[in-house]
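**Q** Top to bottom, those sequences are chains A and B.
Heads up, the first sequence is in our numbering, so the first residue is 1 and it goes up one at a time.
Heads up, the second sequence is in our numbering, so the first residue is 1 and it goes up one at a time.
Hints in this document: simulated from the structure, not taken from any laboratory.
Keep in mind that the hints are not guaranteed to be accurate.
As the list claims (entries may be wrong) - Cross-link-like lysine-lysine pairs, in silico, DSBU-like; alpha carbons within 35 angstroms at most: (1) B:38 x A:6; (2) B:5 x A:8; (3) A:56 x A:77.
Next come the chains, spelled out residue by residue.
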Amino acid sequence: MRHRVKGKGLSRTPAHRKATFRALTKALVKEHRIVTTVTKAKELRRFVEPLITRSKEDNNLNRKEVFSALQDKETVKSLFAEVGPAAGDRPGGYTRVIKIGHRQGDGAEMAVIELVDFNDVQPEAKETKKKKTRRAGKSSTKKATAPAAIEEVAVDNEAENVVEPIENASESNSVTESTKNIIETLEMNDDSAGEFSQKDSDEE
Amino acid sequence: MAHPKRKISKARRDKRRAHQAISEVTLAKCSNCGAFHKYHNACPECGYYRGRQVISINN
Ligand SMILES: [Zn+2]
Chain A
1 MRHRVKGKGL SRTPAHRKAT FRALTKALVK EHRIVTTVTK AKELRRFVEP LITRSKEDNN
61 LNRKEVFSAL QDKETVKSLF AEVGPAAGDR PGGYTRVIKI GHRQGDGAEM AVIELVDFND
121 VQPEAKETKK KKTRRAGKSS TKKATAPAAI EEVAVDNEAE NVVEPIENAS ESNSVTESTK
181 NIIETLEMND DSAGEFSQKD SDEE
Chain B
1 MAHPKRKISK ARRDKRRAHQ AISEVTLAKC SNCGAFHKYH NACPECGYYR GRQVISINN
């Protein structure tokens with residue numbers, strides 16, 4: 001029998017678990033990407049995704065249902081105002097979980113969970129460069145020419161991103177190799193880069 | 001209550017443990033910075049995962 005096997009208990013009572021998911025959801029909707037443990041991140045999907053599906057269509061019933069799950073006006077508001085419309089025709093899969101290694105202290109495996117619709121277009125300008133440099137034949141560093149190329153490529157790279165995120169991802173993979181040094185010089189000092197650095201959601 | 005009749009010899013104990021070794025973690029090379037990272041994990045050196053900056057590393 002596989003009775004009562006669904007989901008993870010997270011070593012919490014049902015009420016505590018519910019509170020945890022509410023808190024995590026609140027943070028996720030507000031920040032669009034949060035850092036938490038892998039287990040919580042994966043469990044959170046089961047909680048948030050149906051709510052986002054609800055928030056795609058704005059009516060009284062949906063608002064009521066979502067509110068009853070969250071008990072937080074602000075979160076409901078921004079769900080229906082931003083997150084729902086952004087999801088558009090996406091048939092589920094609104095979130096993405098990426099493992100980022102272990103937490104110091106208790107060694108828990110950590111992950112980033114983010115809303116796909118808000119994190120698809122790269123937050124950093126540096127990600128959108130390359131292409132030009134790649135055609136130059138993987139000749140690693142041409143710091144003089146590269147920055148010019150960045151602006152050009154930025155636009156069409158973004159467009160690709162929306163349509164075929166996976167293909168684009170692998171594409172930029174090969175490219176990043178060659179432009180590694182350029183990236184280093186350009187540094188992480190964009191505002192956007194630091195933005196999600198330590199959004200460590202204290203989920204309790 | 002049931003009790004062990006004999007002490008487990010060192011040899012027997014060690015033979016039992018012969019199969020308990022932990023295997024090495026398989027590592028992949030980061031496509032962005034070339035550092036080693038675990039599969040299905042963001043690179044701990046540069047924070048890239050599948051060609052995208054996933055988390056910023058400050059150092
Ligand atoms: Zn790396």
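**Q** Report the numbers of all earlier hints that the structure fails to satisfy, in ascending order.
**A** 2
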